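Student: All chains, please: the whole structure from these sequences, using the hints.
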Amino acid sequence: MSQTGTLMGFVHRRRRGAELFLLLLALAVGIGAYAAVGLGVEGEVPADLVGYGGWLTALIVAAHVTVRLVAPYADPVLLPLVAALNGLGLAVLRRLDLTYEANGLDQHTFARQQLTWMTLGVVLFVATLVFLRDHRSLQRLTYTSGLAGIVLLVLPFLPGIGVPINGANIWIRVAGFSFQPGEVAKVLLVIAFSGYLVLHRDALALAGRRVVFVDLPRGRDLGPILAMFGVSMLILVKQNDLGSSLLFFGLFLVMLYVATERPGWLVVGGLLFAAGALAAYSFVGNVQNRFNFWLHPMDYYDASPGSGQLVEALFGMGWGGLIGRGFGNGFPERVPFAYSDFILSTVGEELGLAAVMAIVLCYGLIVERALRIALISRDGFGKLMAVGLGAIFALQVFVVIGGVTGLIPLTGLTTPFLSYGGSSLVANWVVIALLLRISDQARRPAPRLDPVDESAADSESTQVVKLR
Amino acid sequence: MSELTLFLIRVAFLAILWIFVLSAISVIRSDMFGARVPETARGAAPAPERRGGGKARKPRRGSPTHLLVVEGENPGVRAELADAPLLIGRGSDAAIKLDDDYVSTRHARVAASGDEWFVEDLGSTNGTYVGPVRITQPTTIGLGVQVRVGKTILELRK
Numbered sequence: 001m002s003q004t005g006t007l008m009g010f011v012h013r014r015r016r017g018a019e020l021f022l023l024l025l026a027l028a029v030g031i032g033a034y035a036a037v038g039l040g041v042e043g044e045v046p047a048d049l050v051g052y053g054g055w056l057t058a059l060i061v062a063a064h065v066t067v068r069l070v071a072p073y074a075d076p077v078l079l080p081l082v083a084a085l086n087g088l089g090l091a092v093l094r095r096l097d098l099t100y101e102a103n104g105l106d107q108h109t110f111a112r113q114q115l116t117w118m119t120l121g122v123v124l125f126v127a128t129l130v131f132l133r134d135h136r137s138l139q140r141l142t143y144t145s146g147l148a149g150i151v152l153l154v155l156p157f158l159p160g161i162g163v164p165i166n167g168a169n170i171w172i173r174v175a176g177f178s179f180q181p182g183e184v185a186k187v188l189l190v191i192a193f194s195g196y197l198v199l200h201r202d203a204l205a206l207a208g209r210r211v212v213f214v215d216l217p218r219g220r221d222l223g224p225i226l227a228m229f230g231v232s233m234l235i236l237v238k239q240n241d242l243g244s245s246l247l248f249f250g251l252f253l254v255m256l257y258v259a260t261e262r263p264g265w266l267v268v269g270g271l272l273f274a275a276g277a278l279a280a281y282s283f284v285g286n287v288q289n290r291f292n293f294w295l296h297p298m299d300y301y302d303a304s305p306g307s308g309q310l311v312e313a314l315f316g317m318g319w320g321g322l323i324g325r326g327f328g329n330g331f332p333e334r335v336p337f338a339y340s341d342f343i344l345s346t347v348g349e350e351l352g353l354a355a356v357m358a359i360v361l362c363y364g365l366i367v368e369r370a371l372r373i374a375l376i377s378r379d380g381f382g383k384l385m386a387v388g389l390g391a392i393f394a395l396q397v398f399v400v401i402g403g404v405t406g407l408i409p410l411t412g413l414t415t416p417f418l419s420y421g422g423s424s425l426v427a428n429w430v431v432i433a434l435l436l437r438i439s440d441q442a443r444r445p446a447p448r449l450d451p452v453d454e455s456a457a458d459s460e461s462t463q464v465v466k467l468r
Numbered sequence: 001m002s003e004l005t006l007f008l009i010r011v012a013f014l015a016i017l018w019i020f021v022l023s024a025i026s027v028i029r030s031d032m033f034g035a036r037v038p039e040t041a042r043g044a045a046p047a048p049e050r051r052g053g054g055k056a057r058k059p060r061r062g063s064p065t066h067l068l069v070v071e072g073e074n075p076g077v078r079a080e081l082a083d084a085p086l087l088i089g090r091g092s093d094a095a096i097k098l099d100d101d102y103v104s105t106r107h108a109r110v111a112a113s114g115d116e117w118f119v120e121d122l123g124s125t126n127g128t129y130v131g132p133v134r135i136t137q138p139t140t141i142g143l144g145v146q147v148r149v150g151k152t153i154l155e156l157r158k
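Which chain is which? The protein sequence lines are B and D, in order. Those letters in the first sequence? Residues 1 to 468, per this note's numbering, in order. Those letters in the second sequence? Residues 1 to 158, per this note's numbering, in order.
Keep in mind that the hints were calculated from the coordinates and are not lab data. No experiment lies behind these values; they were computed from the predicted model shown. Beta carbons: idealized from backbone N, C-alpha and C, even for Gly. You can trust all of the hints, since none of them are fake.
Incomplete in silico selection of chain D near chain B, CB under 8 Å: (1) L6; (2) F7; (3) W18; (4) V27.
Tutor: Printed below as a string of structure tokens:
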């Protein structure tokens, strides 16, 4: 499938110094944005800049030191990209908090809560790297994690802990904390899919009947994974969570395609998607609304439910122009949920297209790194897992940024690392830890396993040739 | 805070953001092909000859020259190591093409690194075994070490 570095005569360098340099720049982005928010909105450098900057630096340094100690060959670019996005997201949340506070809204501590969640995320990132020394041990948990993922998806239906928020039954509330179990479930399902597909991909690709121009695999090969997939889709549709259903469907398709190398799956998937979209359009009123808002946003500006949110976001981004209005000179508070789904419109309004493009590029680089890790990984399970985790990022960013900018109908999802949302942030930090672990394995020079052969090769005179 | 100061702050911030993105890209660019490391630095025996040009290399005395099928459906099939890397499998592009039902289309690969020969599983269904052990990463093989793919056994020979 791929040329591994070791066999081509070179080894990857560790590049930890480059990572540190990029992390310092990422910290400059995060802390600089925080200072710029203070200067722009309040007219002075924020009083807690040192404390805030110190805390952010401590988190990033902790993550970096962990990588140095337990994953020295890991990819040098992923962590800085994530740190920069997270830092920028915190600053933008802080900027919204200041306006929400001035307007007398109850909820004006998003940045503070997000920082708490980020701390938890970094702790789990460190824990994942320290306790998971070889990602292949996750392959043993194929069915366990599939089951756990489905159980997590079902949790919001349980009376007592499940709470509907904003019309979607995707939340649970335990001991005062609300959490979206679906965010963790998607990581577990990636592990389950890759563990299953890596064992059955030859059977899936080669055995089976040919219908028209698509090779249909045998039922016993496809059955278990189809069941896993079908159950999670049913749950998501039942929960009225369109964004996540789309994400899972795309993820499943990408992994099946990559594992079997059969383009026919894309045709099948595309047809299924068209059928599903048509069915949803005809039978779910909500979907019909979304389509109408997308095609004719201005017509529904005053309606309820209407496209006011989307139109305000489009106005905001238009008002921002190329380099934005500057922090404090826009009106991002006019967009409902500017702190979660629509955080990109805030960035577009106050920092302009220049910053939006930088952010999109950062996501692009994260996906590129994930695919490169998949290419150089030496085991099939790691390859599939890296592709799956990269696909999650790609699909999620496409769906949410496409929705906010009016490219595709809007479906609610969080923007990874930028939006306010604890579950998503924590889950994404763990995803990055998993990717770093796979890349550490992939870029590490191949260990010598056979000391007997080595000594035999060294001294030809004493060589024992085992001829049968 | 004057309008101009705010403008400068905004431009400065956007500059930092883009410097970050561009540095990340330049690190990726320099990382693209890794670093060539001398064989001695990797703890190997100081080799008298460098690995240069692959095919042009003169085989040293005592080093293997071909890969041979010693057991299975196609005994006697061989491939010269000078054509390395060698692909083993049922597919038509394989250097050693096997008619073994338990072998995947692209099953394993044999390639050189310095003076050593490695066998690497390419994600086959039934695995590649060196001796009794199913390998999960490139594994060095010496002369006469039996590599099993499916029901077939291969060896490096002089």
